[in-house]
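Colleague: Listed here are the chains, written in short residue letters.
There are 2 protein chains.
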Amino acid sequence: MTTETSNQERGLAERAYLTLRAAILEHELAPGTRLSVPNVAERLGVSRSPAREAIARITYEGLAHFEPNKGAVVADVDAASLVEIYEVREALEGLACRLASRRMSPQDVDGLRDLLAQHAAAVEAGDVETHYKLDMRFHARIRELAGNTRLTTQLELLQRQIRLAMYTTHRSPGGMPQAVTEHRRIVDALESGDPVLAEAAGRSHIGRLLRDLSAAERVG
Amino acid sequence: MTTETSNQERGLAERAYLTLRAAILEHELAPGTRLSVPNVAERLGVSRSPAREAIARITYEGLAHFEPNKGAVVADVDAASLVEIYEVREALEGLACRLASRRMSPQDVDGLRDLLAQHAAAVEAGDVETHYKLDMRFHARIRELAGNTRLTTQLELLQRQIRLAMYTTHRSPGGMPQAVTEHRRIVDALESGDPVLAEAAGRSHIGRLLRDLSAAERVG
DNA sequence: CTACGAGAGATTGCATGCAATTTCAAGCCC
DNA sequence: GGGCTTGAAATTGCATGCAATCTCTCGTAG
Chain A
1 MTTETSNQER
11 GLAERAYLTL
21 RAAILEHELA
31 PGTRLSVPNV
41 AERLGVSRSP
51 AREAIARITY
61 EGLAHFEPNK
71 GAVVADVDAA
81 SLVEIYEVRE
91 ALEGLACRLA
101 SRRMSPQDVD
111 GLRDLLAQHA
121 AAVEAGDVET
131 HYKLDMRFHA
141 RIRELAGNTR
151 LTTQLELLQR
161 QIRLAMYTTH
171 RSPGGMPQAV
181 TEHRRIVDAL
191 ESGDPVLAEA
201 AGRSHIGRLL
211 RDLSAAERVG
Chain B
1 MTTETSNQER
11 GLAERAYLTL
21 RAAILEHELA
31 PGTRLSVPNV
41 AERLGVSRSP
51 AREAIARITY
61 EGLAHFEPNK
71 GAVVADVDAA
81 SLVEIYEVRE
91 ALEGLACRLA
101 SRRMSPQDVD
111 GLRDLLAQHA
121 AAVEAGDVET
131 HYKLDMRFHA
141 RIRELAGNTR
151 LTTQLELLQR
161 QIRLAMYTTH
171 RSPGGMPQAV
181 TEHRRIVDAL
191 ESGDPVLAEA
201 AGRSHIGRLL
211 RDLSAAERVG
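Keeping their order, the protein sequence lines are chains A and B. The letter at position 170 of the first sequence is residue 170 when you use full-length UniProt numbering, and the numbering goes up by one with no holes. The letter at position 199 of the second sequence is residue 199 when you use full-length UniProt numbering, and the numbering goes up by one with no holes.
Rather than coming from a laboratory, the hints here were simulated on the basis of the structure. You may find that some hints are simply not true.
As the list makes no split between identical chains, a pair holds if one copy fits it or if it spans any two.
[Unchecked claim] Straight-line Cα separation of at most 20 Å, SDA-like style, residue types lysine to any residue; simulated pairs:
#: 1; residue 1: K70; residue 2: G11
#: 2; residue 1: K70; residue 2: G111
#: 3; residue 1: K133; residue 2: S214
#: 4; residue 1: K70; residue 2: L12
#: 5; residue 1: K133; residue 2: G71
#: 6; residue 1: K70; residue 2: R10
#: 7; residue 1: K70; residue 2: E14
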């Protein structure tokens with residue numbers, strides 16, 4: 001719902017928040033960067049009030065954290081935090097699949113298969129950027145189909161934190177075909193209409209990422 | 001009747017937030033109440049800046065929601081929202097049990113059994129208030145043992161939203177013995193050290209509450 | 001050359017001013 | 001008597017003033 005489209009009608013604080021968030025997610029503001037109110041205010045061309053509010057929101061959402069007497073600092077999501085995030089995400093993504101399996105129509109399944117086909121093509125072509133984008137859209141679509149607003153909100157929050165961490169750690173292009181395979185398994189499970197199967201498929205997908213993460217951690 | 005709550009050395013905004021949150025959770029500010037900035041500021045004896053910040057935080061945490069051109073309104077957590085909340089909680093509480101089962105020491109198990117004994121005694125005596133308190137402490141202890149800060153934060157958020165809804169809907173004293181039984185099952189599972197069993201126990205406990213909720217909804 | 005201290009600058013947190021907008025209600029016209 | 005208009009009070013969102021505090025650098029003493 002909140003894409004980059006309507007940036008005009010909201011207040012300054014809202015736009016400041018979105019701009020700041022984008023800057024952080026694009027790594028324009030690297031982890032460790034101090035987000036002082038006057039600094040952010042000037043950067044975004046607003047006064048201190050909306051800047052302060054934007055920073056507060058960023059901090060609430062875990063994209064920055066407060067250091068006493070130092071203000072907000074862009075979060076450096078380390079491996080341990082990433083494990084925490086993926087543990088929670090594993091449970092929630094499983095839930096999303098379970099809920100989605102109950103509400104999906106055959107048309108919805110077709111829609112996911114479309115996405116899947118595009119995704120497979122992109123991976124076949126080695127297009128990492130498109131892979132990343134379609135992977136996001138796949139999960140976004142599933143949580144949308146789940147129809148649970150709190151779940152959606154949480155998963156989106158986790159997604160952003162992961163995206164922030166992606167820069168710190170490494171993106172794993174090696175897992176692209178694996179992702180497609182697992183996504184297909186998820187769609188198959190969703191189509192079957194079996195909630196247990198669907199949940200298992202969703203969970204194991206994220207669980208695999210978590211294990212990869214732990215493995216990479218042990219190596220590096 | 002101003003601020004008799006715990007006054008830490010935190011800032012005014014922090015205290016304002018805690019005071020306001022307590023007022024909402026104690027139903028001193030009923031669902032539907034408008035939280036206008038000047039009103040809250042006067043109520044808490046602070047200026048508009050910390051009041052505004054407190055309201056923003058309350059809103060962010062789902063205890064109030066924004067109505068355009070009306071400001072924040074204390075959330076009226078209806079049955080549909082409660083279902084959403086319990087669906088998420090079911091998954092997360094299961095995760096908490098799973099994680100806890102891996103990190104718990106025998107002493108931790110003993111601690112939970114102590115809690116359980118007190119709880120059982122309170123229920124035996126028909127002490128609803130103590131039941132409620134010990135039920136909370138039981139779950140709080142488990143998520144603490146799980147050792148995942150994001151999970152803890154989320155569960156606490158959900159807990160508060162549920163508590164807010166408790167006033168709107170009904171508290172079910174009939175489920176007290178059931179709760180003790182299920183908690184015992186959870187402790188047994190945790191003690192066994194089997195993550196799968198532990199997760200299932202935690203999930204089914206919340207799942208039962210969710211089903212009770214749905215049943216009550218169909219009746220009322 | 002190193003350790004330390006003082007001062008300058010910057011930042012946070014809170015208070016308050018101000019304009020645009022909205023809500024609410026009383027009064028008027030039909 | 002009822003519906004509509006108008007006006008006043010209130011609210012939000014943003015800008016800014018201000019004091020206390022902290023950081024960080026640079027100069028100085030040992």
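Colleague: Tell me, which hint numbers fail for this structure?
Modeller: Hints 2, 3, 5 not satisfied by this model.
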